[in-house]
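Novice: Chains as they are written, first to last, in the numbering used here: chain V, 1050 to 1458; chain Z, 1050 to 1458; chain B, 1050 to 1458; chain L, -14 to 98; chain C, -14 to 98; chain X, -14 to 98.
If you are wondering where the hints come from, they were derived from the structure by calculation, not from laboratory data. From a predicted model like this one, the values you see are computed outputs, not experimental measurements. C-beta: ideal position from N, C-alpha, C; glycine also. There's no promise every hint is true.
[Unchecked claim] Pairs of lysine to any residue, SDA-like flavour, derived with a Cα cap of 20 Å:
{"no.": "1", "chain 1": "L", "residue 1": "K19", "chain 2": "C", "residue 2": "R17"}
{"no.": "2", "chain 1": "X", "residue 1": "K12", "chain 2": "L", "residue 2": "F16"}
{"no.": "3", "chain 1": "L", "residue 1": "K19", "chain 2": "Z", "residue 2": "E1439"}
{"no.": "4", "chain 1": "L", "residue 1": "K19", "chain 2": "X", "residue 2": "L(-2)"}
{"no.": "5", "chain 1": "C", "residue 1": "K12", "chain 2": "C", "residue 2": "E92"}
{"no.": "6", "chain 1": "L", "residue 1": "K19", "chain 2": "X", "residue 2": "R17"}
{"no.": "7", "chain 1": "L", "residue 1": "K12", "chain 2": "L", "residue 2": "V55"}
{"no.": "8", "chain 1": "C", "residue 1": "K12", "chain 2": "C", "residue 2": "I71"}
{"no.": "9", "chain 1": "L", "residue 1": "K19", "chain 2": "V", "residue 2": "L1458"}
{"no.": "10", "chain 1": "L", "residue 1": "K19", "chain 2": "X", "residue 2": "A96"}
{"no.": "11", "chain 1": "Z", "residue 1": "K1363", "chain 2": "Z", "residue 2": "G1249"}
{"no.": "12", "chain 1": "L", "residue 1": "K12", "chain 2": "L", "residue 2": "D60"}
{"no.": "13", "chain 1": "L", "residue 1": "K12", "chain 2": "C", "residue 2": "E82"}
{"no.": "14", "chain 1": "L", "residue 1": "K19", "chain 2": "Z", "residue 2": "K1363"}
{"no.": "15", "chain 1": "V", "residue 1": "K1363", "chain 2": "V", "residue 2": "P1233"}
{"no.": "16", "chain 1": "L", "residue 1": "K19", "chain 2": "X", "residue 2": "R47"}
{"no.": "17", "chain 1": "C", "residue 1": "K12", "chain 2": "X", "residue 2": "F16"}
{"no.": "18", "chain 1": "L", "residue 1": "K12", "chain 2": "C", "residue 2": "K12"}
{"no.": "19", "chain 1": "X", "residue 1": "K12", "chain 2": "L", "residue 2": "R67"}
[As the list claims (entries may be wrong)] Pulled a few chain C residues facing chain X out of the computed Cβ check, cut under 8 Å:
{"no.": "20", "residue": "A8"}
{"no.": "21", "residue": "G9"}
{"no.": "22", "residue": "K12"}
{"no.": "23", "residue": "C84"}
{"no.": "24", "residue": "I87"}
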Amino acid sequence: MSDSPVSVMRLARGTDVLFLLIGAVMIFAMHAGFAFLEAGSVRRQSQVNAMNKIVADWAVSTVVYFLIGFPIARGIQFWAEAGVLVGSRQIDMMHFFLYLGFAACIPAIISGGIAERAKFWTNAVAGGVFVGLVYPLFEACTWGQLSGLAFGENSWLASWTGAGFHDYAGSVVVHSMGGWLALPAILILGPRRRRYTAEGTSVPIPVSSIPFLALGSWILCVGWFGFNVMSAGRIADVSALVALNSLMAMVGGILAAMLFSHNDAGFTHNGALAGLVAVCAGSDIFHPAGAFVVGAGAGAIFVFGFPMVTERMKIDDVLGVWPLHGLCGSWGGIAAGIFGQRLFGGLGGVSFVAQLTVTGIAVLFAFTAGALVYGVLNMTFGIRLADQEEMLGPDLAIHHLEASPEEAL
Amino acid sequence: MSDSPVSVMRLARGTDVLFLLIGAVMIFAMHAGFAFLEAGSVRRQSQVNAMNKIVADWAVSTVVYFLIGFPIARGIQFWAEAGVLVGSRQIDMMHFFLYLGFAACIPAIISGGIAERAKFWTNAVAGGVFVGLVYPLFEACTWGQLSGLAFGENSWLASWTGAGFHDYAGSVVVHSMGGWLALPAILILGPRRRRYTAEGTSVPIPVSSIPFLALGSWILCVGWFGFNVMSAGRIADVSALVALNSLMAMVGGILAAMLFSHNDAGFTHNGALAGLVAVCAGSDIFHPAGAFVVGAGAGAIFVFGFPMVTERMKIDDVLGVWPLHGLCGSWGGIAAGIFGQRLFGGLGGVSFVAQLTVTGIAVLFAFTAGALVYGVLNMTFGIRLADQEEMLGPDLAIHHLEASPEEAL
Amino acid sequence: MSDSPVSVMRLARGTDVLFLLIGAVMIFAMHAGFAFLEAGSVRRQSQVNAMNKIVADWAVSTVVYFLIGFPIARGIQFWAEAGVLVGSRQIDMMHFFLYLGFAACIPAIISGGIAERAKFWTNAVAGGVFVGLVYPLFEACTWGQLSGLAFGENSWLASWTGAGFHDYAGSVVVHSMGGWLALPAILILGPRRRRYTAEGTSVPIPVSSIPFLALGSWILCVGWFGFNVMSAGRIADVSALVALNSLMAMVGGILAAMLFSHNDAGFTHNGALAGLVAVCAGSDIFHPAGAFVVGAGAGAIFVFGFPMVTERMKIDDVLGVWPLHGLCGSWGGIAAGIFGQRLFGGLGGVSFVAQLTVTGIAVLFAFTAGALVYGVLNMTFGIRLADQEEMLGPDLAIHHLEASPEEAL
Amino acid sequence: MKMIEAVIQPDRLEVVKAELAKAGVRKMTVFRVKGCGQQMGYTETYRGRRHQVNLLPKVCIRIGVNEDYVQPTIDAIVSAARGGDIGDGKIFVTPLERCVRIRTGEEGSEAIG
Amino acid sequence: MKMIEAVIQPDRLEVVKAELAKAGVRKMTVFRVKGCGQQMGYTETYRGRRHQVNLLPKVCIRIGVNEDYVQPTIDAIVSAARGGDIGDGKIFVTPLERCVRIRTGEEGSEAIG
Amino acid sequence: MKMIEAVIQPDRLEVVKAELAKAGVRKMTVFRVKGCGQQMGYTETYRGRRHQVNLLPKVCIRIGVNEDYVQPTIDAIVSAARGGDIGDGKIFVTPLERCVRIRTGEEGSEAIG
Ligand SMILES: Nc1ncnc2c1ncn2[C@@H]1O[C@H](COP(=O)(O)OP(=O)(O)O)[C@@H](O)[C@H]1O
Ligand SMILES: Nc1ncnc2c1ncn2[C@@H]1O[C@H](COP(=O)(O)OP(=O)(O)O)[C@@H](O)[C@H]1O
Ligand SMILES: Nc1ncnc2c1ncn2[C@@H]1O[C@H](COP(=O)(O)OP(=O)(O)O)[C@@H](O)[C@H]1O
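For reference, chain V alone in the conformation it holds in the complex:
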C-alpha cells in the first residue's frame, strides 16, 4: 500500500512530524534520566521520592504548559475540535510536545537540588508556577512571540549589539534558568539534617548508588541529542554540526571532569552533562574543536564548583544543580558569544555583549522568581519536611514505601 504515489508535500509533513516526535520522545525519556540520576545521588531513603517527584513534575508540567505556558510562550492553544487539529495543526501539536520537554526540565533540575528534605506538594506547586508562567515568559522573549520585542533578531538588543541573543537549544533559557531558580529554593530550605555540624564542619552524606547515577547520566546523554538536534524545529533545518558539537562538548566535559576529579565516577558522569549543558546555546555555530573546549570548561566548572558550593559555601545542593545547570548554563550562554565567532572557527553572527547581557538578565530573573515563589510558599505552607519526617526519609514519610519494600524489616 505504501507503494502508492505520495505527494512530496505530504511526505515532507510526515517527515517533520516524525522528526519532532523523535525529539519529543527523546526529551521525554531524559526525564527518566533525571529520576535515576537523582535516585542514585541521594540516600536509599529518598529514592522513591526522587522517582515520584520527576513523574509528578512531568504530569503537572504537561497540564499547566498546555493550559497556560505554551499559549504564553508561543501564542498557540488547542481549543479546537479534533478535526481542526488533525487538519492544520499537526506541527503545532508536535511543537507543543517538544517544547513541553524543555519546560519540564525546570522542575526536574530543581528537584535534584532540594532532594531529601522538601515537601512534595508545595514543591509540585512551585514547579507548576515555573512551567506555567515564569519559564514561558522567558521562552517568549527568546524563542517565542515576544522575541521580536525582547531578545530576538529585530529587537532593541539586536539593534544595540548587532545581533540577537543566540541560544540554540537552551543553555540559558532552560538550564541556567533551572539552576538559578533552584538556588533560592536550596538556600531557603537549608541543608539536610546533620549535613553540617553545629560548628560548621561539613559531613558529606554518601550517595546510594553509582550504577543508578550512571544510568541516569547515560539516559540524559542519549536523549540530549534529541534536545539539541531537534531544536531545529523541522527536518529541512536539521544540522549535523549540532550533533557533532554536542558529541564533542560531552566528550570534553567527560575528559575534563575525569582528569580534574582523579577518575571519580560521580564527577565523570556529571561532567558529560556539564559539557552538554554548556554546548546547547552555541551548538549550531561552534567549530567541533570549539565545542570541545566549551565542554571541557564546563566539566572543570562542575568539578571545582561543586565542592566550592557544598563544602566551602555550605550550600547543600544535593546533586549540584546550581553549578551544573546554573553555572555551566551561564557559561554556555557566554561561550556562544566567544567560540561562536568566526575568529574561533565558528559560524559568526553572534554578539558577545548580547550573550553576556541576556545571560545576566536570565540569572537575575530566575533568582528573583525563585526567591519569590519559594519565599511565599515557605511563609504560607512551608516547604520543608518536619524533622521527624526527614529522619525517616521522604520515601516513608511521604510515600509510605521504601525503595526495596521486600528488604524492609
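Once you have looked at the hints, place chains Z, B, L, C and X with the ligands on chain V.
Specialist: Then chains Z, B, L, C and X with the ligands, alone, in the frame of chain V:
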C-alpha cells in the same frame, strides 16, 4: 555520495521503512520495560525468572508469528528468495516486525499476572499458542484480512451500527486481549504460597524494588509513543494528534493514580501505563482533553481495581495485569465510542454500540481461549511449580541462579 | 512555517541526516549497554570501574578517531570553518558520528575481558591506539579508502575469488577484531586472583547482578538495530531485510543459548548478543531463515565456547568477549559466505573463499596487534593492578568509591 | 540479664513483633541472616558450574532482657514464630553481664528497658 | 575476655572507630541492623495495605577484648556515639570464653588483639 | 552448650561448610559483616572529600553446639578457613544457656542439633 539525486519514490519508501523501523524497535524495547516492571514487582527470588520469561516469550513469539501468526492475520509470508524480499517486500517485512511487537505483548502481559509460581515451559507453550493462533485470529478480524467480514469498515458490524470497530493502536486487540487471557491462568494457578492465610486473610507480599519497577514503567512509557504513533503504518498517515493524545492520557493516568493512591509510587508508575493502555483505541480521534479524561479514568480504575482484585476477590494477580490491561483496555475500547464522538470534541465516525459490542466479544473470546489453553495445559503437564520449588523461588528452581549470585551465602 | 514548500533535495538531505543521527545515537546508547553488561557480570567491587572504563573509552575514542582514525579510514577530516562544515559536510559529519560508534566498540569489547584487574590508564591508552590506528587501518581496507586495493569490490581479492569481502555491519571488522584484540590482553594479564587454585582447579567468581547484566543486554539489543540498519549509510539504501534478519538471528541466538544452557539467564541474554554479532556481516543478504540458523549457531558457540575457554583452557575472560565477539564474529564472517549464497535463499554475490580469507586475515591482524600493544605496555608501564589493589577491588583502588557508597561500613 | 537471640522465618517477623509488644518487649535489634538446619538444600549453577547451596533466608532478632522477662519473651516468640514447618527456627539464650545506654550512660536493668 | 556489642547510629560509626583507635582498639566486626527502642515507629503502605514499621537503621559493632580493655572500650563508644538524641543505642557485654586466631591457631589473650 | 562465632573470608565459606558437614555440624546461621583487624585500611573519596575506610568484607557464622562438639567444630573451621593470609579471621566461643526449637518447643541438647 548522498548528494546524488534521489527519486522521491525511493525517498518515500526509505522514509517509510525508517518510520516503521523506529516503531518496531521502540516496541521491541518496551519488552525490556515489561521485564523490569515485573522484576521490580516480584520478590528478589523471582527477578531472574521475570527477565528470562520475557526474553523467551519474545523469541517464541517471533518464531510462531513468523511461521503462523502473521500469515493468519495479514495473509503475508516470507517464503521467497532474499532477492524477492528485498525487491518488493520491504514494507511487508517492516510490518511483520512492527506487528510482532504488538503480538508479543500478549505473553508479556500474562507474565506479570502469573509471576513467581508458574512453570516456565508450559507457560512459554501457552504464549506460543496465543501469539500463533489466538491473537492473530482476532487481529485478522479487526486490522487484518478478515476485517471486511468481521469488524471492519464494510463488515456486518459497520452496516448494523454505522461504523466499524475502531481500535487504532490496540486497547482491545492487544491489551484487553492480554489481560483477559491472563485472568483464567491466574485463577487456575491459584495464589502464591502464603499470599492468603487459610482463613482468607490477605498477607501482601512486598515487592522487591521500586527503582526497577519505575525503570520498567519509564521504558514502557517511552516505547508506547512508537506503539501508538507508528500504528499509522506509513509516514504519510502519521498523526501528531496520536502523539499528543497519548501524552495527555498518560498524564491523566499519572495524576489520577497519584491522587487516589496518596502518592504511592507503585500506583503512580502503573497509572501512567493505565492511561496509555486506555488511550490506544481512540488516540487518533480524541480531543487532547478527552484523552486526558480517558487516561484519568483508567488511572482510577487501576487504583481501585487492583486492591479489589487482590484483596477482596483474593485473586493473586501479582502485577495487576487484569485490571491494568484487561479492565483499562476494555475501558479504552468503550471510551473510544464516547470521547471519540464529535460531541466531545472528537473526530467522530465511531459508533458506541460497535465499540461496546466488539469489546465484549473480545472479553469473551480471550477469557474462553485462556481458560481452554491453560486448562488443558494444567490437566496435562501442570502449569504450577511444586511447593518446594516455589519456596526456593523460580530463580533457583528453574534457572539455578539468583539475581545477585555474588551475595548468595 | 513547516508548511512552506521544501525542495526535495533539502528534504532528502535532512532525512539522511536524521537517518544517520538515529543510527549514531542508537550506537552511542549501546555503550551504556556495554557498561551495564559488564557491571552485572563482575563483582560489586568492580562495578564503578566498569562504568568509568566505558565512559572513558568513549571519550578517548572520540578524540583519537576524530584526529587520526577517521582521516585514516575514510580520508575525511574537519579542519575547516564551521561555515564550510555546515555548507557541504553535513553527511560527512554524521558519518563520523556513526562510524565512531563502531570504532568505540573495540575498547568496549576488550573492557569486558580484562575486567576487575587491569590498570585504568594503560588500558585507556591501548584503546586509544586501537581506535586511532589499528581499527581504522582495517576499516580502510574493507569499507574505507583502501578497500579498492585491499578487500573491496575491485580489489585483488575480488578478482581472485569473484567477489569482494562482504561485511555489511561489522561481524569481522568490529566484533571479531575486538574479540581477537582482547585475547592477548587477557592472556598477558592472567586470571584474577583466586580464579584458579594453584593446582589449577577453577573456582568461578560469581557475578554481581543479573538485572544489570540483563539491562545491558537489552540496551545492546535495541541499539543493534541502529548498528545494522543504519550501516546502509543513507536512507535511500535502507533495507528492511537487514532489520528482519537481525531480529531472526537474535531470536536464534536466544533460543539456542536458552536450550543449551538449560535456561541460564547469563547465557540467554548473551545468546541474543551472540546472534547479533554473527548476523552483522550477512544481514543484508541472508534469507530470514538463514539468519535464524546463523544466530542459533552463534548462540551455541557461546554456550559451549565460554566454559571451554574459562574452565578448560583456564583463560579468565571475564565476560567471555573472545568467544562472544571473537569466535561468533568470525563465524558471522564465514557464515555470510555460506548462507548468503542463493543456494540457501540468500541474495548471492558473495564468495566463501573471500569471506574465509579475510576473516582469517582479521584474526591474525587483530591478535598480532593486540599482543604487540599490550605486550609493550606490559613491559613499560605494566597493565595489571597490584595485588593489594585487586583485593580491594578496582572501584576503591582506582576510583576511591564503591558502587553503593551509602552502604559502605 | 540475658541476651535472647531468635532465628525465625522472615514472614513471621511482624507477628513476632506484635506478640512481643503484648509481652511488654518493645526493644530489639533485627537483621537478615541465612540459615541452614533441617531444611533441604538446593543447587546453584553459574555458567555451567554447579555448587551446593543450603542456606535459606531467615531473620535474626536479638533482645537484651532482665531475668523476669526471659520466659515471657521466649514464649511470645515461640507462639508467634511457629508455623509448623521445618525451618521455623531456634532461640538461643546467653548470659548478659552489662548493658549501657549510650545516650545517658545508665547501666544495668534500667538501661535495658 | 568479654564480647562487647554496641548498637549505634549509622552516622556515628566513623567517630566511634576513631575514638576506639585512640583507646588502642583496632579490631572489630561490624554489620548493619535495624533496631527499635524508644524511637517512634511509622506506618508503611503497599498498594493500599498498611503495616506498622518501627525499626530504624543502626550499625552493630562486635569487639572481643581482654578484661582490662572492657571499660576503655565502653567509654570510647559512649563518648563517641552519644548524639543526645533518642536512638543513640546500647552497649551489651557478654562473657567470652575462648578466642582463636584462624591463621595461626593461637588462643586466648594473644589471639584477641 | 556453647555458641561458636567465626568470622572468616567470604570465599572460604563453601569449604568451611563442607568441612563442618564432615564433622557432623550441619546447622548454622550465616551473615555478611565487615571487619577490621590486622589488614590494612584504605581511603575512600566522595566528590573530593576523603575518609578512611578499613573494614573489609567477611562472613560471620554462628553455630550453637553441645559441649562435645565444641572442639571438633573449632578444628573444622580452623582447618578449612585458613588461607595463610592476614585477614583469615577469628573464632569466638561464648556460653550458651538455653536453646529452644521454635517448631516443637523442645529445649536444650535435643533442640540444638
Ligand atoms: N545449632 C544451630 N546453630 C545456629 N543456628 C541454628 C542452629 N540450628 C538452627 N539454626 C538456625 O535456625 C534456622 C532454622 O533451623 P531448622 O533446623 O531448619 O528449623 P527447625 O528446627 O524448625 O527444623 C536455621 O536455618 C538456622 O539459621
Ligand atoms: N533491650 C534491647 N535489646 C536489643 N537491642 C536493643 C535493646 N534496647 C535498645 N536496643 C537497640 O538499640 C537501639 C537504640 O535504642 P533506643 O532505645 O532507641 O535508644 P536510646 O536508649 O538512646 O533511647 C535500638 O534501635 C535497638 O537496635
Ligand atoms: N577482637 C576482635 N573482635 C571482633 N572481631 C575481630 C576481632 N579480631 C578480629 N576480628 C574479626 O576477624 C577478622 C579478621 O581479623 P584479622 O586480624 O585481619 O585476621 P588475622 O587474625 O588472621 O590477621 C576481622 O576483619 C574482624 O572482622
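Novice: Now tell me, hint by hint, if it's right for this structure.
Specialist: Outcome of the hint check:
no., hint, verdict
1, L/K19 / C/R17, "holds (15 Å)"
2, X/K12 / L/F16, "holds (18 Å)"
3, L/K19 / Z/E1439, "holds (18 Å)"
4, L/K19 / X/L(-2), "holds (12 Å)"
5, C/K12 / C/E92, "holds (16 Å)"
6, L/K19 / X/R17, "holds (9 Å)"
7, L/K12 / L/V55, "holds (13 Å)"
8, C/K12 / C/I71, "violated (28 Å)"
9, L/K19 / V/L1458, "holds (15 Å)"
10, L/K19 / X/A96, "holds (19 Å)"
11, Z/K1363 / Z/G1249, "holds (8 Å)"
12, L/K12 / L/D60, "holds (16 Å)"
13, L/K12 / C/E82, "violated (27 Å)"
14, L/K19 / Z/K1363, "violated (31 Å)"
15, V/K1363 / V/P1233, "holds (14 Å)"
16, L/K19 / X/R47, "holds (11 Å)"
17, C/K12 / X/F16, "holds (19 Å)"
18, L/K12 / C/K12, "violated (27 Å)"
19, X/K12 / L/R67, "holds (19 Å)"
20, A8, "violated (15 Å)"
21, G9, "violated (14 Å)"
22, K12, "holds (5 Å)"
23, C84, "holds (6 Å)"
24, I87, "holds (4 Å)"
Comparing the model with each earlier hint shows violations of hints 8, 13, 14, 18, 20, 21; every other hint is respected.
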